[in-house]
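Position 523 (the sequence shown) corresponds to 531 in the numbering used here; numbering is contiguous.
Hints in this document: simulated from the structure, not taken from any laboratory.
Errors might be hidden in some of the hints.
Calculated pairs, EDC-like style, for lysine to aspartate or glutamate (alpha carbon to alpha carbon, straight line, at most 20 Å) [claimed, not checked]: (1) Lys65 / Asp88; (2) Lys337 / Glu538; (3) Lys446 / Glu538; (4) Lys78 / Glu308; (5) Lys425 / Glu360; (6) Lys260 / Asp88; (7) Lys446 / Asp512; (8) Lys19 / Glu460; (9) Lys144 / Glu127; (10) Lys43 / Asp30; (11) Lys533 / Glu460.
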Amino acid sequence: MAAPKVLVSDKLSETAVQIFRDRGIDVDFMPELGKDKEKLLSIIDQYDGLAIRSATKATEKLIEAAAKLKVIGRAGIGVDNVDIPAASRKGIIVMNTPFGNSITTAEHAIALIFAVARELPAADTSTRAGKWEKSKFMGVEITGKTLGVIGCGNIGAVVASRAIGLKMNVVAFDPFLSEERAVKLGVEKVDLDTLLARADFITLHTPMTDKTRGIINAAAFAKMKTGVRIVNCARGGLIVEADLVEALKSGKVAGAGIDVFETEPATENPLFDMPNVVCTPHLGASTSEAQENVAVQVAEQMSDYLLKGAVSNAINMPSITAEEAPVLKPFVKLAEVLGSFVGQVTESAIQEVEILFDGSVAHMNTKALISATLAGLIRPQVSDVNMVSAPIMVKERGIQVSEVKRDKSGVFDGYIKLTVKTANQTRSVAGTCFVDGKPRFIQIKDINLDAEIGQHMIYLTNKDTPGTIGMLGTVFGKNDVNIANFQLGRKDQGGDAIALLYVDGPVPDAVLDEVRSHDQITSAKALQFEI
Numbered sequence: 009m010a011a012p013k014v015l016v017s018d019k020l021s022e023t024a025v026q027i028f029r030d031r032g033i034d035v036d037f038m039p040e041l042g043k044d045k046e047k048l049l050s051i052i053d054q055y056d057g058l059a060i061r062s063a064t065k066a067t068e069k070l071i072e073a074a075a076k077l078k079v080i081g082r083a084g085i086g087v088d089n090v091d092i093p094a095a096s097r098k099g100i101i102v103m104n105t106p107f108g109n110s111i112t113t114a115e116h117a118i119a120l121i122f123a124v125a126r127e128l129p130a131a132d133t134s135t136r137a138g139k140w141e142k143s144k145f146m147g148v149e150i151t152g153k154t155l156g157v158i159g160c161g162n163i164g165a166v167v168a169s170r171a172i173g174l175k176m177n178v179v180a181f182d183p184f185l186s187e188e189r190a191v192k193l194g195v196e197k198v199d200l201d202t203l204l205a206r207a208d209f210i211t212l213h214t215p216m217t218d219k220t221r222g223i224i225n226a227a228a229f230a231k232m233k234t235g236v237r238i239v240n241c242a243r244g245g246l247i248v249e250a251d252l253v254e255a256l257k258s259g260k261v262a263g264a265g266i267d268v269f270e271t272e273p274a275t276e277n278p279l280f281d282m283p284n285v286v287c288t289p290h291l292g293a294s295t296s297e298a299q300e301n302v303a304v305q306v307a308e309q310m311s312d313y314l315l316k317g318a319v320s321n322a323i324n325m326p327s328i329t330a331e332e333a334p335v336l337k338p339f340v341k342l343a344e345v346l347g348s349f350v351g352q353v354t355e356s357a358i359q360e361v362e363i364l365f366d367g368s369v370a371h372m373n374t375k376a377l378i379s380a381t382l383a384g385l386i387r388p389q390v391s392d393v394n395m396v397s398a399p400i401m402v403k404e405r406g407i408q409v410s411e412v413k414r415d416k417s418g419v420f421d422g423y424i425k426l427t428v429k430t431a432n433q434t435r436s437v438a439g440t441c442f443v444d445g446k447p448r449f450i451q452i453k454d455i456n457l458d459a460e461i462g463q464h465m466i467y468l469t470n471k472d473t474p475g476t477i478g479m480l481g482t483v484f485g486k487n488d489v490n491i492a493n494f495q496l497g498r499k500d501q502g503g504d505a506i507a508l509l510y511v512d513g514p515v516p517d518a519v520l521d522e523v524r525s526h527d528q529i530t531s532a533k534a535l536q537f538e539i
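All chains, full assembly: derive it from the sequences and hints.
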């Protein structure tokens with residue numbers, strides 16, 4: 009099997025490139041290619057992986073041209089230059105490295121707090137000009153002041169820790185921050201309005217989303233203390249720059265430290281003309297240590313995925329560690345098979361999906377198993393779907409998905425049960441993996457059975473009457489269809505029954521039509537599985 013091939017189209021460290029090579033990845037290092045859109049577009053179809061920083065723009069057009077691409081790795085935290093919806097629809101995993109530059113960015117935020125509090129750049133310029141204006145640059149202490157942290161994730165938590173060490177009081181707004189985590193960090197969790205009213209300094213460390221875009225605007229400034237100071241090392245656009253200019257002019261905001269801008273590169277900006285603003289050119293992650301860390305991390309993450317199936321720090325896919333990947337693998341296949349079974353036997357539109365994880369399976373990475381189930385479910389209609397694109401496609405189709413976990417409830421150590429609802433029926437199938445790692449059906453339509461998965465199978469529902477097996481043998485025999493094995497199941501004598509027949513290859517429709525013509529047969533469906 010050919011080695012996976014990765015393109016590095018931005019400036020990554022040689023150490024990262026060597027990691028790819030040492031792991032057996034075929035890598036092309038073209039650090040200037042990201043700036044040449046047409047050249048990149050012409051060769052992207054050759055690669056399984058694309059490693060980038062900020063210069064390369066992974067647009068929808070580029071992604072559509074990437075016929076083989078499986079993963080895009082962004083060395084850094086921001087993925088604004090990647091069309092994530094397009095990548096997800098194409099089944100391409102998008103990874104970033106959220107931890108590699110946390111300390112560096114946090115330190116830059118603290119540096120800007122000091123610079124704004126003491127007007128250091130302006131004082132430096134004045135002193136170099138020989139003015140010696142001591143009285144002009146009357147700063148403020150940060151000791152005892154309240155710092156408002158908007159976004160208390162990886163970077164925000166480091167900023168909070170450093171600020172507490174500087175004897176600042178820290179309040180934090182973050183919808184995902186638990187009370188327990190806040191206590192551990194030593195911060196007070198508050199709502200946004202409370203933070204705006206109480207903070208002497210405000211620092212932003214939240215991602216750019218529809219909810220956070222323009223989170224600091226004229227209305228927010230009106231709720232702040234007069235003389236507040238603001239720092240943004242997160243994303244341009246979190247602060248409405250025109251509103252900040254007005255707040256600076258009015259004195260509502262005493263100073264600002266801005267590392268990120270609405271438009272970058274920012275060669276012109278109204279903030280540049282404000283004397284009480286410290287501007288830096290997106291330096292948050294710009295230390296030699298951080299650049300090395302994120303490059304090494306993205307190389308390791310991409311290699312682990314391409315070689316082992318391990319998924320780390322993915323934006324659009326549940327993480328799967330290298331340790332759990334081999335344990336999870338047979339259950340991922342089981343989940344795909346269960347989904348595929350229901351997808352092949354269900355002809356009307358699916359409205360609801362419930363996935364039950366019982367026993368040991370409930371303690372696995374169920375997010376990955378859900379993605380695998382959904383991929384199998386819609387693959388009969390969309391052949392190129394995978395675990396990345398399936399959740400997007402299911403959501404676009406308006407299908408409601410729910411998950412249930414419970415402790416061991418039967419004879420099996422763990423199993424998965426999939427139930428789907430359409431407008432006029434409910435279908436269910438359950439399966440497990442034995443020690444051999446092979447997926448097996450253990451229940452269909454609430455009828456218990458034990459059936460291995462075959463590549464070609466016939467699924468029958470029938471009335472439990474004598475002669476059914478003989479009739480099937482006769483029909484298939486005279487049509488040269490070999491039955492390699494079969495499994496039967498029923499609830500009650502004389503009631504509904506099911507049969508799974510293992511055959512050597514595809515069965516002609518005419519043969520299935522003949523089977524269906526017999527009164528005891530309710531339905532007959534040819535199934536095919538990837539095993």
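Taking the hints in turn, this is what the structure says about them:
{"no.": "1", "hint": "Lys65 / Asp88", "result": "9 Å, holds"}
{"no.": "2", "hint": "Lys337 / Glu538", "result": "14 Å, holds"}
{"no.": "3", "hint": "Lys446 / Glu538", "result": "12 Å, holds"}
{"no.": "4", "hint": "Lys78 / Glu308", "result": "15 Å, holds"}
{"no.": "5", "hint": "Lys425 / Glu360", "result": "14 Å, holds"}
{"no.": "6", "hint": "Lys260 / Asp88", "result": "31 Å, violated"}
{"no.": "7", "hint": "Lys446 / Asp512", "result": "19 Å, holds"}
{"no.": "8", "hint": "Lys19 / Glu460", "result": "50 Å, violated"}
{"no.": "9", "hint": "Lys144 / Glu127", "result": "10 Å, holds"}
{"no.": "10", "hint": "Lys43 / Asp30", "result": "27 Å, violated"}
{"no.": "11", "hint": "Lys533 / Glu460", "result": "17 Å, holds"}
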